[in-house]
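Number of protein chains: 2
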Amino acid sequence: MKEAVKLIAFDADDTLWVNEPYYRGAEQAYVEILGRYVDHEDLATRLYQTEVKNLNLFGYGAKGYMLSMIETALELTQYQIDGRDIDRIIQLGKEVLSYPIEILPQVRETLETLQGRYPLMVITKGDLLDQESKVARSGLADYFGRIDVVSEKDPATYGRLFSQLGRHPQEVLMVGNSLKSDILPVLEIGGHACHVDPGYEGWVHEQVSDRCLAEHRFHSFDNISKVLTLL
Amino acid sequence: MKEAVKLIAFDADDTLWVNEPYYRGAEQAYVEILGRYVDHEDLATRLYQTEVKNLNLFGYGAKGYMLSMIETALELTQYQIDGRDIDRIIQLGKEVLSYPIEILPQVRETLETLQGRYPLMVITKGDLLDQESKVARSGLADYFGRIDVVSEKDPATYGRLFSQLGRHPQEVLMVGNSLKSDILPVLEIGGHACHVDPGYEGWVHEQVSDRCLAEHRFHSFDNISKVLTLL
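Protein sequence lines correspond, in order, to chains A and B.
Going left to right, the first sequence walks through residues 1 to 231 as the UniProt record's numbering numbers them.
Going left to right, the second sequence walks through residues 1 to 231 as the UniProt record's numbering numbers them.
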C-alpha cells in the first residue's frame with residue numbers, strides 16, 4: 001500500500017470529531033418528550049423507521065432528522081402533541097447543527113504528520129452547510145485541499161470523485177469509522193481503506209453484517225494515529 | 001468573450017427548469033392554513049424573516065424551508081396550531097421536494113447545440129440530494145460533465161471552484177436567472193456572466209438594487225437560446 005497511495009481521504013463525523021453521541025443525546029431528549037404522550041416500547045425504533053422511509057427524499061443530515069422527528073411525533077401522538085413540544089424538537093435539531101466540535105484523539109497530530117507528505121481531503125455525507133460548518137469550527141480546514149460533501153457514499157460516488165481528481169482508486173486511501181460508508185465501497189472499486197473505531201457505537205443504518213465483512217480484508221484501528229504505521 | 005470562454009456553467013433552478021412557482025404555490029397553501037388561526041397582514045413576510053434568520057444554520061433549500069414554515073407557524077399561533085396542520089406543512093415541503101420537472105423553453109435545444117463545443121456544468125445551491133434528484137429527473141444530466149452543489153454562491157466559492165477545475169474566471173461563462181447569485185459574483189472575479197429571465201419573479205432574497213446593478217454590465221436575455229449569439 002505504502003508505494004501506491006497518492007491521496008488520503010478522511011470521513012468527518014466520528015472519524016475526525018465526535019458526532020454520533022450528539023444525535024443519541026438528541027434522541028434521548030426526544031424519547032423523553034414523547035414518553036409523556038405515548039407508552040411505546042421503542043420510540044427510537046419508530047423514529048429510525050421514519051428516517052429510513054424519508055432517506056430518499058431528505059438524504060442524510062440533521063435537517064432531515066429534525067423533520068423525521070416531527071413527523072414521528074405527530075403520528076405517534078395522533079397529532080395531539082403540544083406545539084411547544086414540536087418547538088422543543090426543533091431546538092434539539094438546532095443544537096445538533098451547532099454543537100461544539102470535539103476532535104477525536106490523535107487526529108490533529110496525525111494530520112500534522114501527514115500534511116505535506118500526501119494531499120489530504122475530506123469526503124463526508126450529510127447536510128452541505130452543516131458539514132462545511134463543522135469543518136470550519138473544527139479548526140482542521142487548513143489540512144485539507146478539498147472538502148467534498150456527497151449525498152451517498154457508494155462505489156459509484158467514490159469512483160466518480162476519484163476520477164474527477166485524476167486518481168485511480170488504487171492510489172487512494174480512505175480512512176473512516178463506518179464500514180458501510182467508508183470502507184466497503186472503497187475496497188469494492190479497488191481502493192485502500194482503513195477503519196478507525198471511535199470507541200462508541202455508530203448509527204444502526206451504518207452497520208453491516210459479519211457475513212458481509214468476512215468477504216473483505218482491511219485494517220482496523222482504535223486510534224487514527226495507527227494509520228501512520230501503514231504509510 | 002467568444003475566444004476566451006472554455007467552460008460554460010449553468011445555474012439550475014429557474015434557469016434550466018421551473019422552480020420558484022412551486023415554492024410560491026407552497027407558500028400560498030401555507031398562508032391559507034395559517035390564515036385560519038391568525039389575522040396577519042403579511043404572513044409571507046413573517047415566513048421570510050424566519051427563513052433569513054435560519055439561513056446561517058439551515059442553508060438554502062427545501063428542508064430548511066419546511067423547518068422555517070413550521071417554526072413560523074408555531075410562533076404566530078402561539079403554539080396552538082393543530083398537529084394535522086403541521087403535518088400538512090410537512091406535506092407541502094415534500095411536494096416541493098418531488099415536483100415534476102418542467103424544463104424551461106429552448107433549454108434542451110441550447111444544451112444540444114453547445115454540447116461537444118464546450119464542457120458544460122451545473123453550479124447550484126440548495127439541498128444536496130434535492131438538487132441531484134432534480135438534475136436526474138430533468139433528463140438533462142448527460143449534457144453536464146459536473147454537477148456542483150454549493151452552500152453559497154459568492155465570489156470566493158466561484159473562485160475556488162473554477163480554480164479546482166483548472167480554469168481562470170476569464171475562461172468561464174456563467175448562465176443564470178439570479179443577478180445576486182449567478183451574475184454579480186462571477187463578474188466580480190473577472191468571469192463572464194449572462195442573465196436569463198424566466199419570465200416570473202424570483203425569491204426576494206435573490207433581488208439586488210438598481211444601484212448595485214448600475215455598476216456592472218452584462219447580457220440579459222428572456223430566453224436561454226440567445227446565449228448562443230455570444231458564442
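Read the hints as simulated data drawn from the structure, not as lab findings.
Here the structure is a predicted model, which means the values were calculated and not measured.
The beta carbon of each residue, even a glycine, is placed where N, CA and C say it ideally should be.
Certain hints may be false.
[Said to hold, decoys possible] Partial pick of chain B residues on the chain A-facing surface, computed with a CB cut under 8 Å:
| # | residue |
| --- | --- |
| 1 | 76 |
| 2 | 77 |
| 3 | 154 |
| 4 | 157 |
[Claimed, not checked] For lysine to aspartate or glutamate, the following EDC-like pairs were computed, each having C-alpha atoms within a straight-line distance of at most 16 Å:
| # | chain 1 | residue 1 | chain 2 | residue 2 |
| --- | --- | --- | --- | --- |
| 5 | B | 94 | A | 27 |
| 6 | B | 226 | B | 112 |
| 7 | A | 94 | B | 71 |
Hints and how they fare:
1. Restraint check, residue 76 of chain B versus chain A: the minimum CB separation of about 11 Å is more than 8 Å; hint violated.
2. For residue 77 of chain B, the interface hint holds, the least distance from its beta-carbon to any beta-carbon of chain A being 7 Å, beneath 8 Å.
3. Contact between residue 154 of chain B and chain A, as hinted, is not supported at the beta carbon level, the nearest pair being about 13 Å apart and thus beyond 8 Å.
4. A least Cβ separation of about 10 Å between residue 157 of chain B and chain A goes past the 8 Å threshold, and the interface hint is therefore violated.
5. Between the alpha carbons of residue 94 of chain B and residue 27 of chain A the distance comes to roughly 23 Å, so the proposed pair goes past 16 Å and is violated.
6. Under the criterion of a C-alpha separation no larger than 16 Å, the hint pairing residue 226 of chain B with residue 112 of chain B is consistent with the structure, at around 14 Å.
7. Simply put, residue 94 of chain A and residue 71 of chain B have alpha-carbon atoms about 12 Å apart, close enough for the 16 Å limit, and the pair holds.
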